[in-house]
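**Student:** Just so we're aligned: 6 in full-length UniProt numbering is position 6 of the sequence shown, and the numbers increase by one with no gaps anywhere.
Be a bit skeptical, because a hint or two may be false.
Using 20 Å as the maximum straight-line C-alpha spacing, the simulated PhoX-like pairs for lysine-lysine come out as follows [stated by the list, open to error]:
{"hint": "1", "residue 1": "63", "residue 2": "189"}
{"hint": "2", "residue 1": "63", "residue 2": "164"}
{"hint": "3", "residue 1": "189", "residue 2": "138"}
{"hint": "4", "residue 1": "73", "residue 2": "178"}
{"hint": "5", "residue 1": "189", "residue 2": "54"}
Beta-carbon label-pair distances, calculated as ranges [unchecked claim]:
{"hint": "6", "residue 1": "17", "residue 2": "84", "range": "42 to 50 Å"}
{"hint": "7", "residue 1": "17", "residue 2": "60", "range": "27 to 35 Å"}
{"hint": "8", "residue 1": "175", "residue 2": "140", "range": "24 to 32 Å"}
Hints in this document: simulated from the structure, not taken from any laboratory. Values in this document were obtained by computation on a predicted structure and should not be read as measured data. Glycine included, every Cβ here is placed at the ideal spot set by N, Cα and C.
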Amino acid sequence: MSPRLSKAVTETFVRLHSEGLIYRANRLVHWSCHLFTALSTLEVNQKELKGTTKLEVPGYDKKIEFGMLTYFKYQLEGSEQTIEVATTRPETMLGDIGIAVHPQDDRYKEFVGKMRARYGAVKLIPAHDQNDFNLGKKHDLSFINILNEDGTLNSNAGPYAGIKRFDARYGVIEELKKLGLYTKQESNKMLVPICGRSGDVVEPLLKLQWWMRMEPVDETCYSSG
1 MSPRLSKAVT ETFVRLHSEG LIYRANRLVH WSCHLFTALS TLEVNQKELK
51 GTTKLEVPGY DKKIEFGMLT YFKYQLEGSE QTIEVATTRP ETMLGDIGIA
101 VHPQDDRYKE FVGKMRARYG AVKLIPAHDQ NDFNLGKKHD LSFINILNED
151 GTLNSNAGPY AGIKRFDARY GVIEELKKLG LYTKQESNKM LVPICGRSGD
201 VVEPLLKLQW WMRMEPVDET CYSSG
């Protein structure tokens, strides 16, 4: 880039930052473990699956199974009672911080307000799911990242540290079976985010990035129109 253009970019960045439009924060990005980079939304293709489907993923010798809903149980602290949850990404349970319940659901009234014991019906992993991220911010929950940039699991994944994400998926399922906490699997329609540049399965990953507030810009555009 020419010095003149570089200067223009720098001046624009500084001005937008001083106006509070540009800020730095840890937020979820579309991450390609194969390319080691964040992707724009335009670079991510949503592949629709009608049900259980095996897909080729860069870095794996065998096709990986998607479109599968895995049911398993969490045992409640200090009790023999269990509550069932379901997920399309079993490996993410290694970073679960709690389970959400509907406060008016009679089945879970006794568990409302006891997030630390992982009670409820919907598992939460704020560091790897956009909806859970939003809930985490709203309720000041913990954010446990279990994924390295190369797609292996990190030290937060305990014995699965260093194992590739989809290899860990099968490992988690086998361990749940050994513990008697696995319930079942069933075919499930879903969208799988695919990197348009590499064919990799895109992961939501918590990264410190620069962001731009668009609300003021949108308001200016609307008022101008």
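**Student:** Does each hint fit the structure? Answer for all of them.
**Tutor:** Each hint tested on the structure:
no. : hint                  : result
1   : 63 x 189              : holds (18 Å)
2   : 63 x 164              : holds (14 Å)
3   : 189 x 138             : violated (29 Å)
4   : 73 x 178              : holds (13 Å)
5   : 189 x 54              : holds (13 Å)
6   : 17 x 84: 42 to 50 Å   : holds (47 Å)
7   : 17 x 60: 27 to 35 Å   : violated (41 Å)
8   : 175 x 140: 24 to 32 Å : holds (31 Å)
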